[in-house]
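Novice: Protein chains in written order, with our numbering: chain A, 2 to 256; chain B, 409 to 548.
The hints are simulated quantities; they were obtained by calculation from the structure and are not laboratory data. This structure is a prediction, so every number in the text was calculated from the model and none was measured. Hints should not be assumed to be uniformly reliable.
To be verified - Facing chain B, according to a computed beta carbon distance under 8 Å, are these residues of chain A, among others:
no.	residue
1	43
2	170
3	236
Unchecked claim - A few chain A positions that, by computed beta-carbon distances, are all more than 12 Å from chain B:
no.	residue
4	15
5	84
6	87
7	164
8	166
9	211
10	228
11	230
12	233
Even for Gly, the Cβ is constructed at its ideal location relative to N, Cα and C.
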Amino acid sequence: MTVNTYLSNTGWLYRFDPRAKIFFLVLLLGWVFLPVTLAGLGCMLLLILFTALSNPGPRFVLSTFTSILPMIIFMVLFAPFNVRSGTALITIHSFVLLTEEGALQVLRLAIRFISITYLATLLFATTPMPEILLALQWYRLPYKASLIITLAFTYIPFIADGFAQIEESHRLREAGAHLERKRIGKIRSLIPTLTSSLVLALRSIPTLALSLELRGYGRANKRTRYHDLSSYRRTFTDFLISGMIPVISFLVFKA
Amino acid sequence: MLNRSVGYLFQNPDLQIFLPTVKEELSYSLRRVKGLSEEEIAKKVAECADLFELKLSHTPSTMSYPKRKALQAAVYYLLDRPFYILDELDTALTYHSALTMIRHLQRNGAGILIITHDQQFITRTGGRIYQIEEGRVSER
């Protein structure tokens with residue numbers, strides 16, 4: 002069972018205060034939508050990729066990229082059609098297939114999308130869930146709300162993982178040259194997978210409820226906690242770095 | 409091609425269970441095989457249920473874990489694969505139940521690969537034993 006999205010390692014981002022990390026994440030998520038040059042966006046993406054490579058590692062970079070690749074392909078294939086005006090790059094007779102402006106817009110969108118994905122996944126890959134919970138509470142987010150956020154990020158990968166396994170197990174159960182093959186077979190084969198996924202999800206309700214209960218959800222008296230964030234000794238420095246990088250990079254790359 | 413000749417019993421039997429009764433669950437794959445009549449399917453299903461000690465009218469999702477595991481093995485028994493991989497079959501089962509299931513799957517001459525952490529259990533199954541220790545595979 003997937004219990005969290007944390008990937009154990011020893012990079013500098015792992016030693017970064019989770020509170021500052023959330024602050025950094027929010028600033029950078031806003032930064033990618035600011036009016037900055039394309040080169041600036043590219044540099045920011047390279048910085049994010051370098052951070053990902055030197056912290057969770059190349060496998061994380063590759064698996065994250067693989068998971069968003071279909072969406073990037075979709076974006077690259079269809080987004081240029083939204084921009085019809087400007088300098089034509091590819092034409093078929095009189096029909097303009099791709100304009101320079103369209104290509105640049107796709108590039109900008111793709112960089113933003115990749116950056117946002119890596120930023121969000123880096124937070125969860127380099128910070129244990131209990132520390133994210135503590136950091137969110139430090140920002141005065143109610144305990145219940147923080148708990149729901151952390152559980153959602155724990156539960157979604159679990160369901161996704163379960164769905165992939167169910168798909169595999171049904172494929173193994175049905176595979177065979179002697180089996181009847183119909184065109185609608187692929188759609189029909191989804192029914193067993195979806196039913197088993199539902200059964201699996203329903204079966205995990207007691208575990209989830211127990212997990213919530215153990216974490217103090219619904220209790221009138223607040224639970225005590227052993228773990229805190231006092232082991233992070235460079236909170237001020239981390240916050241300073243988190244604020245400085247987006248501000249300086251904006252001043253350098255603003256359009 | 410590999411998944412046409414190998415049956416893989418996942419650790420969690422719930423991944424494969426989705427129909428309301430044992431009878432429907434067992435006959436699901438057989439109904440998709442060309443040339444099998446309803447009588448033949450019913451006969452095969454009844455024999456298989458007897459062999460694995462399953463009640464055809466029971467609801468799989470409310471059965472006990474060992475029974476669900478037996479149902480999972482029974483589904484593969486009916487598929488008649490030449491080779492099976494059993495991933496931690498002994499988890500939450502008695503040695504007797506697990507060994508009985510292995511014997512049933514071997515009845516038609518199928519090869520079996522068992523993955524387990526239980527060294528005592530594996531010595532009771534017979535056959536070759538390979539162990540992975542500190543990243544190295546060796547024959548015991």
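Novice: Work down the list of hints and note, for each, if the structure agrees.
Specialist: Status of the hints after comparison with the structure:
no.	hint	in the structure
1	43	41 Å, violated
2	170	4 Å, holds
3	236	40 Å, violated
4	15	25 Å, holds
5	84	45 Å, holds
6	87	50 Å, holds
7	164	10 Å, violated
8	166	5 Å, violated
9	211	18 Å, holds
10	228	30 Å, holds
11	230	36 Å, holds
12	233	34 Å, holds
Checked against the numbered hints above, the structure violates hints 1, 3, 7, 8; every other hint is satisfied.
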